[in-house]
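Numbering-wise (full-length UniProt numbering), the sequence shown opens with residue 1 and increments by one.
Check the hints yourself; a few may be wrong.
Claimed, not checked - No farther apart than 27 Å at their CA atoms in a straight line, the calculated lysine-lysine pairs in the DSS-like style are these: (1) K144 - K124; (2) K124 - K107; (3) K208 - K303; (4) K107 - K146; (5) K107 - K144; (6) K146 - K208; (7) K303 - K107; (8) K315 - K107; (9) K41 - K144; (10) K107 - K41; (11) K41 - K124; (12) K303 - K144.
Unchecked claim - Pairwise CB distance ranges, derived in the manner of DEER restraints: (13) D123 - K22: 46 to 56 Å; (14) F122 - P313: 11 to 21 Å; (15) A164 - S450: 44 to 54 Å; (16) A164 - L84: 48 to 58 Å; (17) G147 - K454: 55 to 65 Å.
It is worth saying that the hints were derived from the structure and are not from the lab. Computed from a predicted model, the values in this text were never measured in an experiment. Just so you know, even glycine gets a beta-carbon here, dropped at the ideal spot from N, CA and C.
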Amino acid sequence: MAAAPGGDEGIYARLNFTTDLKAVEEHERRIRERIDATLRKSEERLAELIDQNSTLPTTVSSVTVVGAPNTRRSFLARIFDPLLSVNRDRPYTQSELLQECAARADKLSRFGIYHEPISLFFDKPDKTDPSTSPTDVAVYVTAKEKGRISAKTGTDLGNAEGSAYANVQWRNVLGGAETLDVNASLGTRTRSAYQAAFDTPILSDPDKRWQIGGVQSSTQRSFASHEEFLRGGWTNLRWLTSSNSQHEVGYNGYWRQITGLASNASSTVRAEAGDSFKSSISYTWIADRRNNPILPSSGYYMKMISELAGWGPLKGDVAFWKSEVHTQTASTIPLPGIKGDSGVIFNAGLRAGLLYPLALGTNQTPEASHINDRFQLGAPTDVRGFRLSGLGPRDGSDAVGGDVYAAGGANLLVPLPRLGRESPLRMQAFVNGGRLLALRQAEKEGEMSSEDVKESVYNTVAELGNGVPSMSAGVGLVYAHPVARFELNFSLPLVLRKGEEGRKGLQFGVGIDYL
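I would like the entire structure built from these sequences, with the hints used as guidance.
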C-alpha cells in the first residue's frame with residue numbers, strides 16, 4: 001500500500017521544526033516587538049491628540065465617585081467640588097483639567113482607605129440635558145474601598161525584648177477617612193501595654209490630621225531596678241507644609257508610678273519610688289529629605305522636639321523644659337572605575353538633648369529632674385557597642401539617666417559581593433560615641449535657685465566637650481526591610497568611662513531610627 005502524502009518522515013520533520021526552541025523564541029520575540037511597536041504608536045497618538053487639544057476650553061459639569069459606598073458625600077464634596085466649573089471663574093484648558101483631576105485622585109489615595117490605583121474617566125454629559133454646553137465633560141472617579149476592619153497578631157524580637165501583640169484597625173469609621181487603632185501587647189520588658197487612638201483628617205485634607213488616644217502600660221526598667229506603670233492620654237494636631245516639612249503640636253497627661261523595686265535597687269531609685277503626674281505640651285518639627293528613610297543614600301534629615309511640663313496652667317507635679325535635636329546626612333561615594341552609582345554609602349548623624357528644670361507652680365525653687373523624664377543613652381539603635389542605657393550617670397548597678405547629652409556616629413555601607421548595590425543587604429563599618437551628664441548641682445534639689453540652675457546648665461553643657469567621648473567601633477550586616485532596619489554588628493568599645501557598661505561582641509538591633 002502506498003504511503004500517504006506527508007507520511008512518518010513528514011510528521012517527524014514537522015515535529016522537529018515546531019520543537020526548535022530557537023525558532024520559537026525568535027517567533028515570540030517578533031510578536032513582542034510588534035505589540036510594543038503598536039503600544040508605542042498608540043501612546044504617541046494619544047500624546048499628540050492631548051497636545052493638539054491641550055488649550056481647548058473645557059468645563060466640568062459633574063464629578064461622580066464610583067466604589068465608595070461607605071464614604072460620606074460631604075467628605076468627598078470638599079475634595080471634588082472645586083473641580084466643578086460652576087465653582088470657578090473661568091474654564092479649564094484640557095491640560096489643566098488633566099493635571100487638576102490627577103491631583104485630586106492622588107489626594108484621595110493618600111487617605112489610605114482605598115486600593116491602588118484610583119482611576120479617572122472622562123465622558124460627554126447627556127446631550128438632551130438643556131443645562132449642558134458643548135465644552136462640558138463629566139468626570140468619573142473609580143475607587144475601591146479597603147476592608148473596614150482588619151486584625152493582626154504577631155511577635156517582635158529585638159533590642160533585648162521579646163513581645164507578642166494584637167492589633168485591630170477600623171478604617172473609615174464615620175465615613176470621613178477616620179481610623180480607630182486598638183493595640184495590646186505582652187512582653188519580657190514591656191510587661192503589658194494597651195493603647196487606643198482615634199485619628200481623623202481635618203476638612204478632608206490628608207495633610208492635616210487630629211488624633212486623640214489613651215494608653216496604659218507596665219514596663220520593666222531592668223537597667224534601673226524598677227517597673228514603671230503609666231496611664232494617661234494625649235491629643236495632637238499634625239500638618240504638612242508645602243515645603244514637605246511636618247509639624248506636630250500636642251498635649252500629654254500621664255500618671256506615672258515607679259514601683260516593683262528590685263531588692264538591690266539603688267538609693268536614687270528608691271527615692272524616686274511612688275506617683276507623679278506629668279502635664280505637658282509639645283512641639284515637633286521634621287524635615288526629611290532622604291531618598292529612603294531606612295537605608296538612605298542621599299539627602300538629609302532633621303528633627304526637633306520641645307516639651308514644656310508643669311508650667312502655668314499645665315499643673316502636674318513635675319516642671320521642666322526638654323528639647324532634642326536629631327540630624328542625619330547621607331551621600332554616595334564615587335569610586336574610580338565605576339560609572340554612576342557605586343553603591344557605597346556614607347551616613348553621619350548627630351543627636352543632642354537638654355532637660356532644664358523649672359519652678360513648679362508658685363514655688364520659686366526649681367526641682368531636680370525625675371528619673372522617668374531624664375535621657376537614657378546606649379543601645380543597638382543609638383550608640384552601638386554599649387548595653388541598654390550603658391552610658392551616663394549610675395548609682396550602683398542602676399542607670400539613673402542624665403539631663404544633657406550629645407551623641408554622634410558615622411557609617412560606611414558597602415554592597416556585598418555578588419549581590420550588588422540593588423540588594424537591601426549591606427555590610428557596614430561604623431564608629432560612634434556620646435556623653436550623657438547630670439546637672440552638676442542637681443543634688444542640691446530644693447535649695448537650687450533659678451540662678452543656680454542656669455549656672456549648672458552652662459557648666460554641664462561645657463563639660464560635654466571636656467575630654468574624649470565614650471566611643472565604640474565595629475563592623476556588621478544591615479538588612480533594610482521596608483518596615484524596619486535590622487542590624488547584626490560586632491562591636492568593640494574604645495573609650496569607656498568609670499561605671500559605664502560596654503558591649504564587646506555581637507549585638508542585634510531592630511528599629512526605624514538609627515544614629
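To see whether the hints hold, each was checked on the structure:
Distance check on the hinted pair: K144 and K124 sit about 24 Å apart at the alpha-carbon level, within 27 Å; holds. Between K124 and K107 the CA atoms are separated by roughly 25 Å; this keeps the pair inside 27 Å, and the hint holds. Distance hint between K208 and K303 is fulfilled; the C-alpha atoms sit about 19 Å from each other, no more than 27 Å. With a C-alpha separation of about 16 Å, the suggested pairing of K107 with K146 holds against the 27 Å cut-off.
The suggested pairing of K107 with K144 holds, with an alpha-carbon distance near 15 Å, which does not exceed 27 Å. Restraint check for K146 and K208: the C-alpha separation of about 21 Å stays at or below 27 Å, so the hint holds. Simply put, K303 and K107 have alpha-carbon atoms about 26 Å apart, close enough for the 27 Å limit, and the pair holds. Taken as a hint, the K315 and K107 pair is broken in the structure, with Cα atoms around 40 Å apart against an allowance of 27 Å.
Simply put, K41 and K144 have alpha-carbon atoms about 31 Å apart, too far for the 27 Å limit, and the pair is violated. Note on K107 and K41: the hinted pairing is violated, with a Cα-Cα distance of about 31 Å set against a maximum of 27 Å. Among the hinted pairs, K41 with K124 is consistent with the structure: their alpha-carbon atoms are about 26 Å apart, no more than 27 Å. The hinted pair formed by K303 and K144 fails the criterion: a straight-line CA distance of about 36 Å is larger than 27 Å.
For the pair D123 and K22, the supplied restraint of 46 to 56 Å holds, since their beta-carbon distance comes to about 48 Å. Against the hinted window of 11 to 21 Å, the Cβ-Cβ separation of F122 and P313 comes to about 55 Å, which falls outside the hint. For the pair A164 and S450, the supplied restraint of 44 to 54 Å holds, since their beta-carbon distance comes to about 48 Å. At about 51 Å, the beta-carbon gap between A164 and L84 stays in the expected band of 48 to 58 Å.
The hint said 55 to 65 Å for the Cβ distance between G147 and K454, and at roughly 56 Å that hint holds.
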